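These protein sequence lines are chains A and B, in that order.
Quick note: the first sequence uses the working numbering, first residue 8, plus one each step.
Quick note: the second sequence uses the working numbering, first residue 8, plus one each step.
Simulated from the structure, these hints should not be mistaken for lab results.
Just so you know, not all the hints are guaranteed correct.
Copies of one chain are not kept apart here, so a pair can be met inside one copy or by any two copies together.
When the alpha-carbon atoms are kept at most 25 Å apart in a straight line, the in silico SDA-like pairs for lysine to any residue are as follows [claimed, not checked]: (1) Lys92 / Phe35; (2) Lys18 / Gly158; (3) Lys135 / Tyr54; (4) Lys120 / Cys183; (5) Lys33 / Lys92; (6) Lys33 / Ser22; (7) Lys33 / Thr82; (8) Lys128 / Pro188; (9) Lys106 / Lys133; (10) Lys138 / Asn193; (11) Lys18 / Leu205; (12) Lys163 / Thr202; (13) Lys163 / Thr129; (14) Lys137 / Thr170; (15) Lys92 / Arg184; (16) Lys120 / Asn193; (17) Lys106 / Leu145; (18) Lys120 / Pro136; (19) Lys135 / Glu119; (20) Lys135 / Gly37; (21) Lys92 / Asp34.
Predicted, not measured: the structure shown is a model, and the values here were computed from it.
There are 2 protein chains.
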Amino acid sequence: MQMDYPRLRKKRVCSVAVEEFVQRIKDFHGAPAPGVVLGGYMVDLAYRHLPPEGSLFDALSETFSCLPDAIQLLTPCSIGNGWLKILDLGKFALSLYNKNNGNGVRVFVDPEKLASFLEIKTWFFKLKPKKEQDLDVLLEEIHTARSQVCGITPVKLRPEIFTSRRRAGFSICPICRESHPAPDGNCCRACSGETPYL
Amino acid sequence: MQMDYPRLRKKRVCSVAVEEFVQRIKDFHGAPAPGVVLGGYMVDLAYRHLPPEGSLFDALSETFSCLPDAIQLLTPCSIGNGWLKILDLGKFALSLYNKNNGNGVRVFVDPEKLASFLEIKTWFFKLKPKKEQDLDVLLEEIHTARSQVCGITPVKLRPEIFTSRRRAGFSICPICRESHPAPDGNCCRACSGETPYL
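With the rest of the complex left out, here is chain A (with noise of 0.2 Å):
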């Protein structure tokens, strides 16, 4: 079922019509997942509270999950430019901040705001299976939301999660013959044992 949602005809998120928003999800992510929409949200939210100083931020994910979908089509930032890093927290919580400084802002789902919210509550900690709940039902909670369900705080990163690493130069490894990063060592780390394949 295609749902039609009147009341979000003119909002936006991040400058983005609502529907717009949800045609990207769908053509990037392949489905208008919630975690996605709830993300575009939390970008919104984060992007509104940057700190006034410069227009050129980082995004930091710290969940592989959702999460960074919603960054990557929201913001200049993508996994492969670098602007996006993630790591693996298991949190669904994100930051936006000053790539010079790392001076920013924290966005998260607070538990606690769940409480008015039931759908995106059970949905959130998985209380029904996928299949009993009604993703539209679901969408259009999300909707209503928006950030209310978020908490918002400043942060300011650890240098070393925002410092470009700069690669420092190529061997060829005498193993697999392929170009890797040099100060990884006399063979690339895939040989070294990291290979992901058998």
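Based on these hints, arrange chain B on the given structure of chain A.
Below, chain B alone, put in the same frame as chain A:
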């Protein structure tokens, strides 16, 4: 300068017109980065050599640099939907593989094949400062070479890479009061010492 590549007009990468792919790169990645363009031809090569047994595949990038964006722009795999995984091996290589059995193909840049493509070689090994290299000449050579600088080999992924890990419930961290995956222990990984914030 906006280069025009008349020879490319009818060429495609993964069924996408090359000019359309380059536009997608500019929109998503922020610039027509050589690594994403070359990555597109690598994805294209891998696609054409996928085992015929099924159409559902996942992707693995062996670097965080550029290549993940080529994968995200040309396949259904994204970092947020979990179908793209990234290992920080520092190798410009990717695999597409059957998500059920791990059988697939790996495409990599073959240093020996760069001998015939000096602009690509200079860029790939950073033999010149970026500002001294002519981006348009480099991109022209990448569009000419396509996947001629690559090798391809069948691979089988280790099960721990392609077996999806489902979250086994959530706990509330007693320190930050946020939700975290229950298997991580009594408190979340950030409060256990992995926080990226000062």
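Structure-based check of all given hints:
In this homomeric assembly, Lys92 and Phe35 come within 25 Å of each other (Cα to Cα) both inside a single copy, at 19 Å, and across copies, at 16 Å. In the homo-oligomer, the alpha carbons of Lys18 and Gly158 lie at most 25 Å apart inside one protomer (21 Å), although the nearest pairing across protomers, at 48 Å, exceeds that limit. In the homo-oligomer, the alpha carbons of Lys135 and Tyr54 never lie at most 25 Å apart, since the shortest distance is 32 Å inside one protomer and 37 Å across protomers. Taking the shortest Cα distances, Lys120 and Cys183 sit within 25 Å of each other only across copies (14 Å), while inside one copy they are farther apart (53 Å).
Both within a single protomer and between protomers do Lys33 and Lys92 lie at most 25 Å apart by alpha-carbon distance, with minima of 23 Å and 20 Å respectively. For the homomeric pair Lys33 and Ser22, the shortest alpha-carbon distances inside one copy (18 Å) and between copies (19 Å) are both at most 25 Å. Taking CA atoms no more than 25 Å apart as the test, Lys33 paired with Thr82 passes in both settings, with 17 Å inside one copy and 13 Å between copies. Taking CA atoms no more than 25 Å apart as the test, Lys128 paired with Pro188 passes between copies only; the shortest distance there is 15 Å, against 45 Å inside one copy.
In the homo-oligomer, the alpha carbons of Lys106 and Lys133 lie at most 25 Å apart only across protomers (24 Å), although the nearest pairing inside one protomer, at 35 Å, exceeds that limit. In the homo-oligomer, the alpha carbons of Lys138 and Asn193 never lie at most 25 Å apart, since the shortest distance is 51 Å inside one protomer and 30 Å across protomers. Taking the shortest alpha-carbon separations for Lys18 and Leu205, neither the intra-copy value of 50 Å nor the inter-copy value of 35 Å comes in at or below 25 Å. Taking the closest pair of Cα atoms, Lys163 and Thr202 come within 25 Å of each other only across two copies (11 Å); inside a single copy the shortest separation is 35 Å, beyond that limit.
When the C-alpha separation of Lys163 and Thr129 is checked against a cutoff of 25 Å, the pair qualifies neither within a copy, at 32 Å, nor between copies, at 38 Å. In this assembly of identical chains, Lys137 and Thr170 lie within 25 Å of each other by CA distance solely across copies; the values are 20 Å between and 40 Å within a copy. Taking CA atoms no more than 25 Å apart as the test, Lys92 paired with Arg184 passes between copies only; the shortest distance there is 24 Å, against 29 Å inside one copy. With identical chains, the CA atoms of Lys120 and Asn193 are at most 25 Å apart between copies only, with a shortest distance of 22 Å across copies and 52 Å within one.
Taking the shortest alpha-carbon separations for Lys106 and Leu145, neither the intra-copy value of 35 Å nor the inter-copy value of 29 Å comes in at or below 25 Å. In this assembly of identical chains, the alpha carbons of Lys120 and Pro136 lie at most 25 Å apart only when taken from the same copy (22 Å versus 51 Å across copies). In this assembly of identical chains, Lys135 and Glu119 lie within 25 Å of each other by CA distance solely inside one copy; the values are 19 Å within and 55 Å between copies. Proximity of Lys135 to Gly37 under the C-alpha cut-off of 25 Å is restricted to the intra-copy arrangement: shortest distance 22 Å within a copy versus 40 Å between copies.
For the identical chains of this complex, Lys92 and Asp34 are neighbours both inside a copy (22 Å) and across copies (19 Å), given an alpha-carbon limit of 25 Å.
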